[in-house]
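These are the residues of each chain, in order.
2 protein chains.
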Amino acid sequence: MVKHMDVPEETMQRMLAYLRELDCLWNEGKEKFSSQSLAKALHMNPAQIRKDFSYFGEFGTRGVGYATKQLIQELRAILNLDRTWRLALIGVGNIGSALLRNPELKRQGFEIVLAFDKDPRRIGNKIGPLTVEDVVNVKRRIREEKVQLAIIATPVECAQETADKLIQADIKGFLCFAPCHLSIPDEIRIVPIDIPMALGKLVYHMEV
Amino acid sequence: MVKHMDVPEETMQRMLAYLRELDCLWNEGKEKFSSQSLAKALHMNPAQIRKDFSYFGEFGTRGVGYATKQLIQELRAILNLDRTWRLALIGVGNIGSALLRNPELKRQGFEIVLAFDKDPRRIGNKIGPLTVEDVVNVKRRIREEKVQLAIIATPVECAQETADKLIQADIKGFLCFAPCHLSIPDEIRIVPIDIPMALGKLVYHMEV
DNA sequence: TCTTGTGAAACGCTTCACAGCA
DNA sequence: TGCTGTGAAGCGTTTCACAAGA
Numbered sequence: 004m005v006k007h008m009d010v011p012e013e014t015m016q017r018m019l020a021y022l023r024e025l026d027c028l029w030n031e032g033k034e035k036f037s038s039q040s041l042a043k044a045l046h047m048n049p050a051q052i053r054k055d056f057s058y059f060g061e062f063g064t065r066g067v068g069y070a071t072k073q074l075i076q077e078l079r080a081i082l083n084l085d086r087t088w089r090l091a092l093i094g095v096g097n098i099g100s101a102l103l104r105n106p107e108l109k110r111q112g113f114e115i116v117l118a119f120d121k122d123p124r125r126i127g128n129k130i131g132p133l134t135v136e137d138v139v140n141v142k143r144r145i146r147e148e149k150v151q152l153a154i155i156a157t158p159v160e161c162a163q164e165t166a167d168k169l170i171q172a173d174i175k176g177f178l179c180f181a182p183c184h185l186s187i188p189d190e191i192r193i194v195p196i197d198i199p200m201a202l203g204k205l206v207y208h209m210e211v
Numbered sequence: 004m005v006k007h008m009d010v011p012e013e014t015m016q017r018m019l020a021y022l023r024e025l026d027c028l029w030n031e032g033k034e035k036f037s038s039q040s041l042a043k044a045l046h047m048n049p050a051q052i053r054k055d056f057s058y059f060g061e062f063g064t065r066g067v068g069y070a071t072k073q074l075i076q077e078l079r080a081i082l083n084l085d086r087t088w089r090l091a092l093i094g095v096g097n098i099g100s101a102l103l104r105n106p107e108l109k110r111q112g113f114e115i116v117l118a119f120d121k122d123p124r125r126i127g128n129k130i131g132p133l134t135v136e137d138v139v140n141v142k143r144r145i146r147e148e149k150v151q152l153a154i155i156a157t158p159v160e161c162a163q164e165t166a167d168k169l170i171q172a173d174i175k176g177f178l179c180f181a182p183c184h185l186s187i188p189d190e191i192r193i194v195p196i197d198i199p200m201a202l203g204k205l206v207y208h209m210e211v
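Protein sequence lines correspond, in order, to chains L and S. Sequential numbering from 4 applies to the first sequence in the working numbering. Sequential numbering from 4 applies to the second sequence in the working numbering.
Do not rely on the hints blindly, as some may be mistaken.
Intra- or inter-copy, both count: the list cannot distinguish identical chains.
The calculated SDA-like cross-link candidates involving lysine to any residue, where the alpha carbons are at most 20 Å apart (straight line), are [said to hold, decoys possible]:
no.	residue 1	residue 2
1	109	30
2	33	103
3	72	197
4	175	204
5	175	42
6	149	116
7	35	63
8	121	159
9	175	200
None of these hints come from the bench; they were simulated from the model.
Please build the complete structure, drawing on both the sequences and the hints.
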């Protein structure tokens with residue numbers, strides 16, 4: 004199976020959207036689908052879907068379509084979503100604790116196994132099965148628990164230093180909720196979730 | 004000033020990133036910058052920045068660069084961020100209440116003025132200055148309060164019906180935290196924030 | 001000399017259109 | 001006949017390279 008090289012980033016993101024939609028179709032009992040039916044549901048061009056799939060292999064049957072269950076498995080494998088990922092969370096404020104309480108993440112294969120904060124009033128608190136630990140121990144604990152991914156949910160002021168600490172702990176990628184640019188080496192992957200920026204995208208298109 | 008027509012979506016998103024970075028530069032006391040210095044800070048090509056700006060006008064001085072404060076004002080006006088936007092929040096669970104408690108939003112010009120839920124145990128609760136209202140009154144209250152934008156923070160199961168209700172209430176755009184595709188008319192704008200999908204983007208690039 | 005603003009070239013993604021199969 | 005898989009065309013974005021101006 005082809006992977007990564009020469010696959011546009013846009014294709015990969017759509018693959019995630021296809022998988023999400025296919026999970027729905029499967030739950031609704033739809034055992035097969037065509038590029039046309041999926042395209043209609045997602046408001047897009049069927050050729051786009053076929054082209055996206057074609058980067059990774061041939062999954063359909065000409066004249067018939069695709070088998071939903073089989074495609075779900077293929078997509079999970081392609082996207083590395085056929086296993087459980089262990090995450091560290093840094094910053095147990097509003098957003099951080101919302102993530103800890105969110106059962107959807109575990110259902111999708113993402114388990115937060117470590118939670119850190121720098122505020123002494125939060126250290127030691129239990130949230131679900133986890134105890135909030137002191138952020139000074141990040142490096143040691145992440146290595147002990149063999150965690151590869153992290154979520155930065157600290158205030159902007161601490162985001163860069165947190166990222167630096169995580170990189171020292173050999174974290175290979177993180178999700179960042181702090182609305183600021185972080186300087187990190189090229190080989191580290193960062194996916195930002197910037198809520199004010201998302202609201203900015205929304206209002207740009209509003210007539211005033 | 005040119006606006007919207009012929010401006011690539013990518014350009015608009017980068018404009019938001021420029022503004023975010025310029026706010027930082029201004030706070031650090033940097034009164035001017037060049038496309039080169041900004042490009043270096045953001046890890047990008049300076050020609051890209053100049054081209055992006057050029058869609059909206061000429062903001063710099065040849066041989067000199069740009070004035071930080073002036074550019075911040077220009078960008079705010081271009082992006083419709085030179086005013087306060089009033090929002091309704093639907094779903095006061097983990098994520099919803101984290102948003103209500105997040106002071107960053109108001110600082111950036113986004114004020115949540117209405118909060119709704121369908122769970123009787125949450126209706127009537129006070130969070131900060133707001134009281135959680137019954138979602139059955141969404142339409143009336145949104146019109147009374149003249150709110151144009153909404154945040155959907157409900158579970159996936161209620162997301163589509165919530166969107167339908169909001170559209171009936173003449174909401175023109177929304178941010179959606181529910182990780183699912185929503186069917187909405189073309190003229191309504193939706194910006195999704197899908198946390199499991201963001202984690203998916205992250206792990207695709209991990210070697211296993 | 002330095003940096004902006006911008007046509008034009010280069011590049012990459014999307015869409016088309018049709019051959020290949022069931 | 002119906003739908004997939006795909007080379008090639010079409011199209012939009014990025015980057016280059018340089019004229020213009022401080």
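Going through the hints against the structure:
no. : hint         : result
1   : 109 with 30  : within (18 Å within a copy, 39 Å between copies)
2   : 33 with 103  : neither (33 Å within a copy, 39 Å between copies)
3   : 72 with 197  : neither (34 Å within a copy, 23 Å between copies)
4   : 175 with 204 : between (29 Å within a copy, 13 Å between copies)
5   : 175 with 42  : neither (34 Å within a copy, 24 Å between copies)
6   : 149 with 116 : within (10 Å within a copy, 43 Å between copies)
7   : 35 with 63   : within (10 Å within a copy, 56 Å between copies)
8   : 121 with 159 : within (14 Å within a copy, 33 Å between copies)
9   : 175 with 200 : between (25 Å within a copy, 18 Å between copies)
Checked against the numbered hints above, the structure violates hints 2, 3 and 5; every other hint is satisfied.
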